[in-house]
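Undergrad: Read off the chains here:
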Amino acid sequence: MGPAVGRDAPHRYLASRAGIRHCAPVMHGAEVTDTSSSILRLIPLLPLLGSVACIACSAAGNRSVARMIAPGTVLAAFAASLVAVLSMLGSDGALLDRVYSWIAISPVSLDMAFRLDRLSSVLILIITGVGFLIHLYSVGYMHDDEDEARYFAYLNLFTASMLILVLGDSLPVLFIGWEGVGLCSYLLIGFWYKDLANADAGQKAFIANRVGDAAFLIGMFLLFWNLVDLGQASLRFTDINAMATTLHDHAPGVVTAVCLLFLIGATGKSAQIPLYVWLPDAMAGPTPVSALIHAATMVTAGVYMMCRLSPLYVHSETAMGIVAVIGAATALFAASIALVQRDLKKILAYSTVSQLGYMVLAVGVGAFSAAVFHLMTHAFFKALLFLCAGSVMHAMHGELDVYKMGGLRKQMPITAATFLIGALAIAGVPILAGFFSKDLILESAFAGGHYALWIVGLGAAAMTAFYIFRAYFLAFEGESRVDADRAAHLHESPPSMTIPLVVLAGLSIVGGWVGLPHGVLWGNQLDHYLAPALAVLPHGSHHLSGVVVVLLTVVTTAIALASVYLAYWMYLVSPGKADEVQERVGGLYGLLWNKYYVDEIYDGLILTPYMKLSQMFWQVLDARGVDGAVNGIARLTGAVGERVRRLQTGNVQSYALVMLIGAACLMLVLFK
Amino acid sequence: MLLSAIVFAPLIAAVFVAALPSEPVAVARRAAFVFSLVPLLLSAVLLAAFDANVGTMQFTEHASWIPSMGVSYSVGVDGFSLWLIMLTTFLTPIVLLAAWGDVHSKVKSYMCLMLLLEGCMLGCLVALDLVLFFVWWELMLFPMFFLIGIWGGPNRRYATLKFVLFTMSGSALMLVAILYLGLRQADAGEATFEILRLYETPLTASEQTWLFAAFALAFLIKVPVIPLHTWLPDAHTEAPTGGSVILAGVLLKLGTYGFLRLAIPLFPAVAYQSLILMAGLAVGGIIYGAMVALVQPDMKRLVAYSSVSHLGFVMLGLYAFNNAGVSGSVLQMVNHGLSTGALFLLVGFIYERRHTRLISEYGGLWSVVPVFASLFLIVTLSSIGLPGTNGFVGEFLILMGAFRAWPIAGALATLGVVLGAVYMLRLYKRVFFGEVTNDANLGLSDLSRRELAVIVPLVVMILWIGLYPRPFLRRIEPTTQVYLEQLERRIEPSAFAARNTSTYGR
Chain P
20 MGPAVGRDAP HRYLASRAGI RHCAPVMHGA EVTDTSSSIL RLIPLLPLLG SVACIACSAA
80 GNRSVARMIA PGTVLAAFAA SLVAVLSMLG SDGALLDRVY SWIAISPVSL DMAFRLDRLS
140 SVLILIITGV GFLIHLYSVG YMHDDEDEAR YFAYLNLFTA SMLILVLGDS LPVLFIGWEG
200 VGLCSYLLIG FWYKDLANAD AGQKAFIANR VGDAAFLIGM FLLFWNLVDL GQASLRFTDI
260 NAMATTLHDH APGVVTAVCL LFLIGATGKS AQIPLYVWLP DAMAGPTPVS ALIHAATMVT
320 AGVYMMCRLS PLYVHSETAM GIVAVIGAAT ALFAASIALV QRDLKKILAY STVSQLGYMV
380 LAVGVGAFSA AVFHLMTHAF FKALLFLCAG SVMHAMHGEL DVYKMGGLRK QMPITAATFL
440 IGALAIAGVP ILAGFFSKDL ILESAFAGGH YALWIVGLGA AAMTAFYIFR AYFLAFEGES
500 RVDADRAAHL HESPPSMTIP LVVLAGLSIV GGWVGLPHGV LWGNQLDHYL APALAVLPHG
560 SHHLSGVVVV LLTVVTTAIA LASVYLAYWM YLVSPGKADE VQERVGGLYG LLWNKYYVDE
620 IYDGLILTPY MKLSQMFWQV LDARGVDGAV NGIARLTGAV GERVRRLQTG NVQSYALVML
680 IGAACLMLVL FK
Chain A
15 MLLSAIVFAP LIAAVFVAAL PSEPVAVARR AAFVFSLVPL LLSAVLLAAF DANVGTMQFT
75 EHASWIPSMG VSYSVGVDGF SLWLIMLTTF LTPIVLLAAW GDVHSKVKSY MCLMLLLEGC
135 MLGCLVALDL VLFFVWWELM LFPMFFLIGI WGGPNRRYAT LKFVLFTMSG SALMLVAILY
195 LGLRQADAGE ATFEILRLYE TPLTASEQTW LFAAFALAFL IKVPVIPLHT WLPDAHTEAP
255 TGGSVILAGV LLKLGTYGFL RLAIPLFPAV AYQSLILMAG LAVGGIIYGA MVALVQPDMK
315 RLVAYSSVSH LGFVMLGLYA FNNAGVSGSV LQMVNHGLST GALFLLVGFI YERRHTRLIS
375 EYGGLWSVVP VFASLFLIVT LSSIGLPGTN GFVGEFLILM GAFRAWPIAG ALATLGVVLG
435 AVYMLRLYKR VFFGEVTNDA NLGLSDLSRR ELAVIVPLVV MILWIGLYPR PFLRRIEPTT
495 QVYLEQLERR IEPSAFAARN TSTYGR
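From first to last, the protein sequence lines are chains P and A. Going by our numbering, the first residue of the first sequence is number 20, and it counts up by one from there. Going by our numbering, the first residue of the second sequence is number 15, and it counts up by one from there.
In short, the hints are calculated from the structure, not lab data. Any given hint could turn out to be false.
Some chain A residues near chain P, calculated using beta-carbon distances under 7 Å [said to hold, decoys possible]: (1) V309; (2) N337; (3) S341; (4) E449; (5) R484.
With a Cα cut of at most 30 Å, we get these calculated DSSO-like pairs of lysine-lysine [unchecked claim]: (6) P:K596 x P:K423; (7) P:K213 x P:K423; (8) P:K596 x P:K429; (9) P:K596 x P:K365; (10) A:K443 x P:K213; (11) P:K365 x P:K429; (12) A:K443 x P:K365; (13) A:K443 x P:K631; (14) P:K631 x P:K614; (15) P:K614 x P:K213; (16) P:K365 x P:K423; (17) A:K443 x P:K614.
Covered by chain P, according to a simulated footprint, are these stretches of chain A (three or more residues, beta-carbon under 8 Å) [stated by the list, open to error]: (18) 411-421; (19) 438-446.
Just so it is clear, CB atoms sit at the ideal spot from N, CA and C, and this is done for glycine as well.
Using the sequences and the accompanying hints, generate a full structural model.
TA: Listed below in structure tokens is the structure:
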């Protein structure tokens, strides 16, 4: 925790020149004692080694070994995580594992270090737990793919990166994981690289994320140098958070700027407006990847990061306001697109964007534990929904159009039942996981006085219930619209795929019970558990009276159930209704169907001009401007040379004379 | 004597190789490769004996050369030159080994010239006398000239002419500046061309300006900084693979090294005043290089423009005038040598197979040559500065430092991180993803053992510096601190300190 400045003679010198006051390190974080423990490094290292082994398997063409290693290492990491979490709880503080000094150029001093506190403990259990189930599912799903070993290598590398991200003790170590998961996402989206559309989608994901990452980097630099000026040259989370108040007193504008820059980073990784555009395209990857990376884990990284820096965020009302608005807007915007999509995975993708919007909204209204709560329940039910979609795809030979499904429940009872549970959970039907977490977010928005955001969130909730049940009814209920070829081969998926579905369905039901409303049974245990790791708003959170809470719950539940019924009515009872509505609001439908034309707008406003400008630079500036001038000079030199050539008489004596004169001049100049 | 041994070993080796019979070529190839291991071993000894805690010159040697003019044979090494020396001795055997598949005519001469080039570059890096530096600097041109002119591509005449014209016009002015500086030093007391003593030569403000301009021009061309960069894509495209690797790996670094060793510390006040111009050119180069690289149809040209972009980062770091920026810059010089060297080698491998470098000729290569594709991916990631690779460590420190010195430049340069990903990933996609569209690519063989031996050491270094850069940074930092203290003494202190400690939001 000691500032590196003390060791840094020149820097201290420079700083003192400008009259910067060096404060003694402020030990705000003193209430948390860190116990040293080298088990933490094992957690990311296990899947990392698994990845290397799978690459070797891929090179050796040995798929069956990779199939064993990959889930095995994640299971081992889950076990290690359990041990670490128990040990952390026993130590009454956080665990710290400082592996080695990574980059040290004073005043920069970055350790490769991991830290486990209550916030990261929730995350590592989700990552390794849900991650293991998805690895297991992948064994069945990828069984016939000859590139299976390479797939598992990437998936293991992803798990390792994600664990580095949440265990990272400092912003730069988090950033290693942050970019690492981005790389794996790129590789896995484009896993079936022979189709260029997949490669394009991967590339789009990487670049959209890089835009966010650039802002993230700038935020890091801005934060770091300000901390240096305050005598705390560190990017460790504990130091940043301990200095948050001092920094706010010293330069409130910096806190806002840093928080907003990190928010831009989060809009990339957590797919928020304006950088969300990559996520729907990311569905090009294998479906288990969509479940693990693009629903349960990676996309929540932005939310995690903001929660991690919650002590900083609470100091900027402006930044919090913008975070909340971005979250609420994304929740509504993406849900509206999901209303009309026909591709099951696209529906789920926009749903994910929308649900991430809820988490960001929770951060923005200061309900950090509610954000983590929804992050967790969403990991369960959205991973479940994606894996169900994968199961359907498996049976339908890649068909994803819900209008070409129908009645699948008969052939695929387990998939249908688990999808229904997932749908009930995301729709916010009482006692299922999503009900508690979403309600808590809406309640917090209302309690904070953000009534407009509450209404937006409510609208998005209505849409959520509608689009997910539209998908359920179209795919699993009613008459079959499956073509004859596919209908003949419809089957339930093998146990390696259905077991994860059942486990996740169970979690989607009970997962919310750790966060019951205040005063009901054991209350919100998760909030209690996370409290030491998260900040609270400076003015404290507002408590609503019991009556208001009940009223709010009744309203949201009623709206959710009404939406479910509307979907039931429009798609099962009177199937013609949907087309009728569609025709009546043709313009709006077109706008939604075309996703508000955002891709086209970005293309026209940014990508095409960028390409054209680059072409122009090359063809005009480089070739005609700079080189034109150079070639002109060359021609001129040539012409002069032609004249000078006449001086070259071939007479050795005249050369000697010129040399002599030259030498004499030089001597004169040098020794005058 | 160690430094002299490192410099002269390749030169002596070149003479030995020259004395060998031209046929069979295998003899010359093997001999040259084995000889090139000698400087590598010697520099390993240097590395082992180098005192990481000392920031000043080590292993200095001093002998009188032209006493009447005060010219001496002075050499030494510090944290700035150490890793560039290592890079040079590391890349040369790799390049010689790579030439086995690439160079088939006049093999012996090629090997000789490469060894000569190595000696000249090393000479430049250890020189502590300005005249000595200049001699090596100019000598270096000849091997490069012949390497491109003899083994180059179809348009090599134009490329060599342009290369020589650009470089010579820069160094001609530098020679005048060197002589003038020596003259002023003689006026002030003792005639000497020792670089470290010339740091103290009294000069008027306008003298400093003109002298700095002359030195800076020579180095700006060499780096190259926009708009003086147009010789580079042509030289790279026409050069044989080995020539490109050395050109990008070491030769260009002598431009940035020149700033670090000469232009800035000789004339610090002016150099400091040129900050806005230089940082502007650096940031402009980062963005411009990245944009033009995007639209190149030829792989080598794309990599050449990427060098313009990457060296913009290095220049920016030098002009941050702080520890993070300068140290990061020195590391990034090495990083760029490794990753761009690796890129040129990989492009060379595929060129040997298909005799074209047009990106449109490829596509879907992953399914044909997976090992090649995987290694290309790692090098691509290093080039775009992914954490865990060397590129990140260098860029991170440079941007960190630059942001301190000039937040707007630092922030703009950070956008280069996005643009770099755009052109490299697009290249990667077009070459490796999709179906194999060109039947000529179906029968491509994956990397041979020799080719793996060429490329794997580079990949190992890329990951090593990315994951554990401490051994490198530890030896750079003390020199940076000596350098900065030295500058600080001579730049108007208030301005300098303000640049280093500017704060925001107050």
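Undergrad: Next step is simple, just say for each hint if it's right about the structure.
TA: A quick look at each hint next to the structure:
no.	hint	result
1	V309	5 Å, holds
2	N337	6 Å, holds
3	S341	5 Å, holds
4	E449	5 Å, holds
5	R484	6 Å, holds
6	P:K596 x P:K423	18 Å, holds
7	P:K213 x P:K423	26 Å, holds
8	P:K596 x P:K429	25 Å, holds
9	P:K596 x P:K365	23 Å, holds
10	A:K443 x P:K213	10 Å, holds
11	P:K365 x P:K429	24 Å, holds
12	A:K443 x P:K365	24 Å, holds
13	A:K443 x P:K631	20 Å, holds
14	P:K631 x P:K614	26 Å, holds
15	P:K614 x P:K213	27 Å, holds
16	P:K365 x P:K423	15 Å, holds
17	A:K443 x P:K614	26 Å, holds
18	411-421	holds (count 6)
19	438-446	holds (count 4)
This entry satisfies every hint, going by the numbered hints stated previously.
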